[in-house]
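Order-wise, the sequence lines are chains X and Z.
Read in order, the letters of the first sequence are residues -10 to 432 in the working numbering.
Read in order, the letters of the second sequence are residues -10 to 432 in the working numbering.
Hints are computed from structural coordinates only; laboratory data are not their basis.
Check before you lean on any hint, since a few could be wrong.
Rough simulated footprint, nothing fancy, chain X against chain Z, three-plus residues with beta-carbon under 8 Å [what the hints assert, rightly or not]:
hint	region
1	30 to 44
2	217 to 224
3	264 to 273
4	367 to 376
5	395 to 402
6	412 to 423
All of these numbers come straight from a predicted model, not from anything done at the bench.
Quick reminder that beta carbons are idealized off the backbone N, C-alpha and C, glycines included.
There are 2 protein chains.
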Amino acid sequence: MPAESQMKPTMTIQGVKSRRWRDRIVEMAQHTRQAADVLGQASTDAKNATLTRMARLLETRADEIVAANTRDIEIATKRGIESRLLERLRFDHDKVTARVNALRAIAHLPDPLAEEETVFTGDGLTVKKRRVPIGVIGMIYEARPHVTVNAGALCVKAGNAVLLKGGSEALRCNRLLGALWQEALEGAGLPASAIQVIASSDRRVVRRLLALDELVDLIIPRGGPQLIRAVAGGTRIPVIKHSQGICHVYVDAQADPGKACAIVLDSKTYAPSVCNATETVLVHRDIAPAFLPGLGEALRAAGVEVRGCERTWALLPWAVPATEGDWDTEHLDLVLGVRIVDTLDEALAHIARYGSRHTDAIVSEDSDCVERFVREVDSGVVLSNASTMFNDGSRLGMGAEIGISADKIHARGPMGLRELTCQKWVIEGDGHVFAQPARTAQC
Amino acid sequence: MPAESQMKPTMTIQGVKSRRWRDRIVEMAQHTRQAADVLGQASTDAKNATLTRMARLLETRADEIVAANTRDIEIATKRGIESRLLERLRFDHDKVTARVNALRAIAHLPDPLAEEETVFTGDGLTVKKRRVPIGVIGMIYEARPHVTVNAGALCVKAGNAVLLKGGSEALRCNRLLGALWQEALEGAGLPASAIQVIASSDRRVVRRLLALDELVDLIIPRGGPQLIRAVAGGTRIPVIKHSQGICHVYVDAQADPGKACAIVLDSKTYAPSVCNATETVLVHRDIAPAFLPGLGEALRAAGVEVRGCERTWALLPWAVPATEGDWDTEHLDLVLGVRIVDTLDEALAHIARYGSRHTDAIVSEDSDCVERFVREVDSGVVLSNASTMFNDGSRLGMGAEIGISADKIHARGPMGLRELTCQKWVIEGDGHVFAQPARTAQC
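Next up, chain X with everything else stripped away, as it sits in the complex:
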């Protein structure tokens, strides 16, 4: 680890001198790499101080942040941004306050790096696993300024440094948030370059970042399938994909109709533009005649367009006929597919075929059905008798999440502090060797 005096040049972003973006991004990544070495050894107090300072900055500079976001929205609107993207871009006073609370919640969580477990002892050898940071993380995401806050907070607390490349629509707000992060880091005595916002709308910047496999340890892309495919196919750096959610609620024959109706309504309407919003409801045929008309009215009252299978029309004549394409589309809008199924098996087969292995729920009072659903649905998060909205770090004791992993390695589902670390093996011997003593008799 370099001595403190040697770290100085990386303490400020002014150290980045290159004028061409190609070079500038490499220089930024080098500074982030050096900052990661410092962050990995930083005290819990210094990391928490960064988070609470950032919370305070969000409070005192809230008007400025919201103004930058408003300007971003104006420009995006002029360019004809889609309404659902606009909703994701919005960062109003309420959303700033929510981030302030999240920052303080994360500061109160235990430091994930304190953990060490003994996994094996034998023949005088002690084998431990110690939790360590990942290093340098590159985050690539669309719009959503709140990700700039969450990702910075979780990465720093877990001892990582991070390069943040948000959507060009959010340029002004993200640039300001990046400056505030650096102020918070420096105030806490940590290198400012531990959190760097790449404020560029040049797409080549991302390609350049993806080529830096000597400097970056992990890429986390959050966005639509096109972004995810481009990132995963364009780098040698490990990638944990945060992709679309085609999520389901299955209403079993043994469901409690009141709970089922509330859960479907909540899963669809609470936040339609998030990835764990539900896109399709599967209803067992035995409960459909008694259940669907009431659900239909509630959905209609909430402004939800229902796209139903043929058997659904018989019960909800006003429903729009669903096409095959509806079952594998992430609407991110007040549109809901409804399909009547004959059996739990049919529901499981539908989810296996059309789902994205993200978030799926069953509503049932039958514990056997619940256990089969939980066991056989191959999704990162499987719920029983709860809204798909609960795939949410802040409700699961994580403070916030950096995103929801759609991969099947490292971490599935919401990624928080622990998921931004890895483990190293520590083996303690007392002169232990493999060979027989005769082999090392010369010593």
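Chain X is already provided as a structure; the job is to place chain Z on it using the hints.
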């Protein structure tokens, strides 16, 4: 999950009908995908029975296996294979017996899928994490028939299916081992296609496999830097790299000379062709005059060529001068770099600059130095007072390892059963929704 009758066609490899390799590999992967669904739900008994049947088959067919390997070696020798690769290719009776023991050890380990932990409870919600298989794993490796046994055993026990693409030098032996795996699986009532050996020397087969991101969940490449780069840069599938080890032993000023000599000798000579064999020894200047001459004699007696820094020559005049290139070369042979350093800091800086973050050891009786080394060396496995040979699954209670991860996500260091699984979140509610009751009052 398909009913048993529907699974029939995938139970035998005869199901693969395509004659062109391009199509054949896709068909194999589809069968593996179906087998993975069965394996993920298979009983511990059936999985263990597969392993013990394979152990018995290795015993009864050992002559045949060794004969196939001998034929592979003959052909490889005619083609002028390097001697160190030849050593990795060898699969003699002793090595077969070692695999029989490993299979039985893995069968005796607990099933990693039995694990479930409650991570959060609040407001009547219970949040659990349940260990689940990864799914379909594609393993790409050079020579080494024993990997065909280890990888099959660990994947099956962890509930995964696996496609094994070994080196073309090991074609005959691997093809036979694949047939035995399928016999073992069928004997235990599991789908034969859960372990499939891709017996082809056509390089396009690997490219085709890497394109199957809809069917394969994880690629594990084991081999030299060129193979690793080609695999990591050529796929959208998550990759956990098993790459080269440039491993170090640092002999501290406070080292016990007897332990240090035995550890260096063992780390270099016990198995020079494995990735965790040591390539460089760093010796503190205070202990060098008393320690190095004795170590030098022991190394010389063991046939090790020493490549030393300038200060090393003064103590070992017969040492070959080390070049800059020696410090970052994985010799995999009886060649050892020796460098005298002034301080622990200098040793740490050398390891950070030239090491491959794989396996590094300190020999010291000073607990402060040990703790600093363990904390600051950023390698998957860090040892104190033990040979780097102990980065070995069989000595760490894992039965065997599928390889040693050089990545910083999912798993670092040796990967065993647990590292071949992931976790899914299981959230249990009782009608839980996010919105206020008024929002769902229609229900």
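A quick look at each hint next to the structure:
{"no.": "1", "hint": "30 to 44", "in the structure": "violated (count 1)"}
{"no.": "2", "hint": "217 to 224", "in the structure": "holds (count 4)"}
{"no.": "3", "hint": "264 to 273", "in the structure": "violated (count 0)"}
{"no.": "4", "hint": "367 to 376", "in the structure": "holds (count 10)"}
{"no.": "5", "hint": "395 to 402", "in the structure": "holds (count 7)"}
{"no.": "6", "hint": "412 to 423", "in the structure": "holds (count 12)"}
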